[in-house]
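Colleague: Could you put together the complete structure from these sequences and hints?
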Amino acid sequence: MENVSQKTAACRSVEGAPDMGPVLTWALGGAFWWCAAALLGLIASIKFHGPGFLADVSWLTYGRVRVAATQVGFWGAVVPVVLAAVLGWLGRWARGGVAFPALAMASGKVWHFGTLLALIGILRGDLTGYDGWGLPRYAVWIYAAGFALYLLTFLGTWHGRQERSLGPAHWFLLTGVLWLAWSAATAFVLLEVHPVRGVTQAVVDGWFHANATLVAGTLLGLGLMYGWLPVVTGRPLYSRHLAILTYAGLLVFVSWTGVLPSSPVPAWLPAVATVATVMGVVPWLAAWLNWRKSVGEAGHRLSEEPAGWFLRVAHAAFVAAAVGKLALHLPGLDRVLELTWWEPARQWAQVQGFVGLAGVAGVYAWLGGEGRLTGWRGLGRWQGRLAMAGLAVGVLALAAAGVAQGLAWRDPALSNVAVLGRTLMWLRLSTVGDLLWWLGTVLFVVNLAGVTLRWWVGCWRSWWAQVTAPVKLQEAAE
Amino acid sequence: MKGGSWVFAIALLGLAASWYGSVLYPQVQLGRQTETRTVPDGQLYPVARPGLAVQGREVYRSEGCYTCHSQQVRQEGVAVGLAITDAGTNLTELVEAILAVAPRWERARVAHGVTNLPFQVLDGVSPAEAGAAQKQLEAAGATAVITVRPLGPDMERGWGLRRSVAVDYLWDRPVMLGSVRVGPDLAGVGSRIPDEQWLLVHLWDPQIHSPGSMMPPYRYLFEVRPQGEGEAADALALPEGAGPGPGWVVVPRPEARALVAYLQSLQVTASLFEVPVVLPPGGGTAAGETQGQEAAQPSQP
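Which chain is which? The protein sequence lines are W and P, in order.
The numbering of the first sequence is my numbering, which starts it at 8 and goes up by one.
The numbering of the second sequence is my numbering, which starts it at 8 and goes up by one.
Worth flagging that the hints you see were computed from the coordinates, not collected in a lab.
In this text, a Cβ means the ideal position worked out from N, Cα and C, and glycines have one as well.
Misleading hints may appear alongside valid ones.
Covered stretches of chain P, going by a simulated chain W footprint (3 or more residues, C-beta under 8 Å) [what the hints assert, rightly or not]:
#1 37-51
#2 78-90
#3 123-131
#4 134-143
#5 164-177
Cβ-to-Cβ under 10 Å is the rule here; a few derived chain W residues that face chain P [stated by the list, open to error]:
#6 V64
#7 R73
#8 S190
#9 V206
#10 W214
#11 V259
#12 W263
#13 L340
Modeller: Have a look at this one:
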């Protein structure tokens, strides 16, 4: 009898929060697709060791695998993990946890099904041809349905928050979620449904890419940082004014940065993008300063928690991506770095490193805050080490490849193969980064799967304890 | 939150401005763009791609070729110059006139140049200098044209005669500009490598023409048939040891032919008002030395 009540009590603590299912549905699925995307990235990278690797299988040719890794990595992995962390954070401060939990779980499942369709579609050749917007049309409709359901539970949870006043994390997260949807809708309509003519397609694609990753992505990443950092360090955000400066600067300046300097478009577009990128230094510096002051002397607390680790790595990736973007638009340097591996390096730092790891930090902070990570901290630490090492090796190697490639392309005396030869060493080194990164994502899946399994077992035990508990004498008499 | 409405007003304005300026206005500016005329010959440009090339564009998209190849030629300036296209009858006077406008030339090389036309007399001068020199040479009985030669590593590599501009992509959907040049730019590959067989063999095995290349072989775009089966004329002429073995031939599938047709249709050669290219007919020679654009270099894809 005593044993049963203990189990029931334990399970209630597991079951207690209604947001366990929704957050884990989004996060575990995202982690799984992250692992798949990282594996595809690894396969693409291995092709630089031997171009014949899997070349006879049309589904696994370099072009398709690279696009699948990028698209699934963003839409299938980073976005759902971030949305899970957002939901967890909102649920933590809401009166009844996450609103409409069943709807939230359904939305996560629909979203992951969309990812499955997108992956299959891309590998069988349904590529869009655009560098930023790469989702097959049919997958977009599924994603849209999943997002609509998510938005209901997001807004319901938002409405149920205990503290009515809004903080920086609220503005960042709300704007990030809505702007991500708006930029994707714009790209879908103007590139797929009613396609615009000629090079305007490239302009729309560039705008979408900058707004989805640099604006919405940064808003979501910083929103999660500003939301979870006080929980992890026990210190409030240093300055709301710096947060406002970051927020406004991102929207006013960074949203214009989608056109690269030498794009074949009217000259005013690259000129505006370059000016906007230079002005983007203002919000980036404000965000860096706010982080630095917020962490202050509590830096050691970041080292104690897996969430803190990931927050720190995400912030480093944010700084690296911002510097990378600025370099891409600086007159003179742009001629060297544009159309080289510098851009994939920057995207890796921005999308996977900054936004993605901010999401991972959010998920771990949510799990840790609720005491659900017991027993899994070690794996979390190893995941952190692998992610940090993979990110550093991968991004630095690709950036070095970009510089070497850019300088080599400027020398017309070098043949195309000779130019490739100068970058190969770095590209092959980046495979090590890809491998470490993939191992990190494997641990992430194992970690979340373990937590989910424990939760399921807890639920089952709780249910079992209830149905097998002896009927009380009073109930029997009735 | 104090000032919350202001924060969201800024957000709305900022994002609306970005959407208007980066999406809507470019559509207003470029969305109604129509064909233009080449200069100076006034041909309609661009012409829609042939049907097979349009099918090939789908293969290019489906295989993700744009992940390794860009389609945008960059330019860093122009070199204005002067070339003689007709020497007239008084060569002695012309040589003296050339030595007057271009004192750096040796008399013997100028004498050789006026008999091997076209002769690039000046290169990298200002338009005013070129105009003044043109008058002097025409006074000596020659016909001289002011040349405009786009400059930059892309041009020196022969990737195009000039930079790519918006109108080049007028009929393309999707526009596949690419973002990384793992391999060479393909915006002008059709004029650089017009040979269909070369392109097909390169797709079958890139190592044949470009040893050391990291481009994967696209063998599934081809069919390996027993010799004598089907049309032998379609079979690739592969070097010894590069084929499937004796008794077998490699025949391109329709997808491979379409892809090659698309590659052949990619050209950046038209001289337009916004990107003029004026080169002496047949390419200029500076006293017997080849100048200007090189011809196709199939060994450098």
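Colleague: All hints, please: hold or fail.
Modeller: Taking the hints in turn, this is what the structure says about them:
no. : hint    : verdict
1   : 37-51   : holds (count 3)
2   : 78-90   : holds (count 3)
3   : 123-131 : violated (count 0)
4   : 134-143 : violated (count 0)
5   : 164-177 : holds (count 9)
6   : V64     : 8 Å, holds
7   : R73     : 5 Å, holds
8   : S190    : 9 Å, holds
9   : V206    : 4 Å, holds
10  : W214    : 4 Å, holds
11  : V259    : 4 Å, holds
12  : W263    : 5 Å, holds
13  : L340    : 14 Å, violated
Hints 3, 4 and 13 from the earlier list are contradicted by this structure; the remaining hints agree with it.
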